[in-house]
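Model the full structure from these sequences, guided by the hints.
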Amino acid sequence: MTTSVPAPRAPAGRVAKPTLSERIRDGLVEAIVSGDLESGERLVETKIAADYGTSQAPVREALRELEGLGLIESRPRRGRHVLPFVEQTLREAYVVRAALEEAATRLALIGGQLPWEALEADVVEMYRSAEGEDLHAMGVASSRFHRRIVQASGNLLLDRAWEGLQIEARTAIALVVAAPDLNRVAVEHADLLEVLRAGDVDRACLHARVHQWAYADLPHDLHGVAHPATTQATPRADARADDRADTPAARSGDHRS
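Going by our numbering, the first residue of the sequence shown is number 8, and it counts up by one from there.
In case anyone wonders, no lab produced these hints; they're calculated from the structure.
None of these values were measured; they are calculated from a predicted model.
Worth double-checking, as some hints may not be accurate.
Think about it this way: if two alpha-carbon atoms lie no more than 20 Å apart in a straight line, the pair counts; the simulated SDA-like pairs of lysine to any residue are [to be verified]:
{"hint": "1", "residue 1": "54", "residue 2": "81"}
{"hint": "2", "residue 1": "24", "residue 2": "61"}
{"hint": "3", "residue 1": "24", "residue 2": "74"}
{"hint": "4", "residue 1": "24", "residue 2": "37"}
{"hint": "5", "residue 1": "54", "residue 2": "65"}
{"hint": "6", "residue 1": "54", "residue 2": "93"}
{"hint": "7", "residue 1": "24", "residue 2": "135"}
{"hint": "8", "residue 1": "24", "residue 2": "138"}
{"hint": "9", "residue 1": "24", "residue 2": "123"}
{"hint": "10", "residue 1": "24", "residue 2": "65"}
{"hint": "11", "residue 1": "24", "residue 2": "139"}
{"hint": "12", "residue 1": "24", "residue 2": "210"}
{"hint": "13", "residue 1": "54", "residue 2": "103"}
{"hint": "14", "residue 1": "54", "residue 2": "71"}
{"hint": "15", "residue 1": "54", "residue 2": "67"}
{"hint": "16", "residue 1": "54", "residue 2": "27"}
{"hint": "17", "residue 1": "54", "residue 2": "87"}
{"hint": "18", "residue 1": "54", "residue 2": "24"}
{"hint": "19", "residue 1": "24", "residue 2": "143"}
{"hint": "20", "residue 1": "54", "residue 2": "74"}
{"hint": "21", "residue 1": "54", "residue 2": "90"}
In structure tokens, the structure reads:
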């Protein structure tokens with residue numbers, strides 16, 4: 008009988024600087040979503056490499072990721088071209104993500120395996136990112152926070168399905184499309200952590216689902232009553248935005264750069 012080895016957990020602490028391929032990916036994502044790169048426009052590896060002052064290897068890696076996300080396509084003898092950006096694809100990904108993270112939250116709380124200190128460190132990093140208006144760092148810290156919960160579920164198939172959504176890249180897209188207030192994003196995660204700590208499984212699962220559904224632009228509430236679309240991921244974010252003194256970051260005293 009073989010023993011499965013758990014996936015390594017991301018370390019707590021400051022977010023590392025983006026790799027060159029991540030910088031290229033995020034730059035192209037922003038250009039596609041904003042319309043600076045139009046549908047049908049050809050993407051030439053050598054030109055992109057020259058623009059970033061690099062070799063073609065990181066460009067190729069970034070383009071492969073964008074192709075997997077459905078933002079570009081590659082055709083034999085025609086090269087890579089920009090596809091029309093369809094927000095519905097992003098919404099569908101967040102619907103799936105909401106279901107996966109709701110299940111992960113339930114399993115992680117029942118199993119008692121959540122890494123509380125690491126989750127709090129991620130929230131602190133989100134406040135730093137908001138203060139510095141660092142969109143990339145916010146996306147990385149947010150993805151890392153949610154990855155810890157998914158890994159704590161102990162369900163390998165759920166973990167693989169979640170990773171298959173290309174979380175970092177889709178988070179980068181969502182942050183560009185939704186353009187949320189970054190401090191509010193940090194507050195939302197602080198709220199979610201507080202609910203997780205309270206240990207009420209059903210309430211935590213609802214919170215986890217709502218947190219993702221907001222980015223899917225779905226009308227919802229506890230009783231199925233429609234609400235206006237919003238980038239606010241938790242019902243209490245407005246109140247908490249004015250009460251940062253009660254957040255894990257504020258209590259640590261070091262969320263400012």
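Structure-inconsistent hints, enumerated in ascending order
3, 6, 9, 12, 13 and 18
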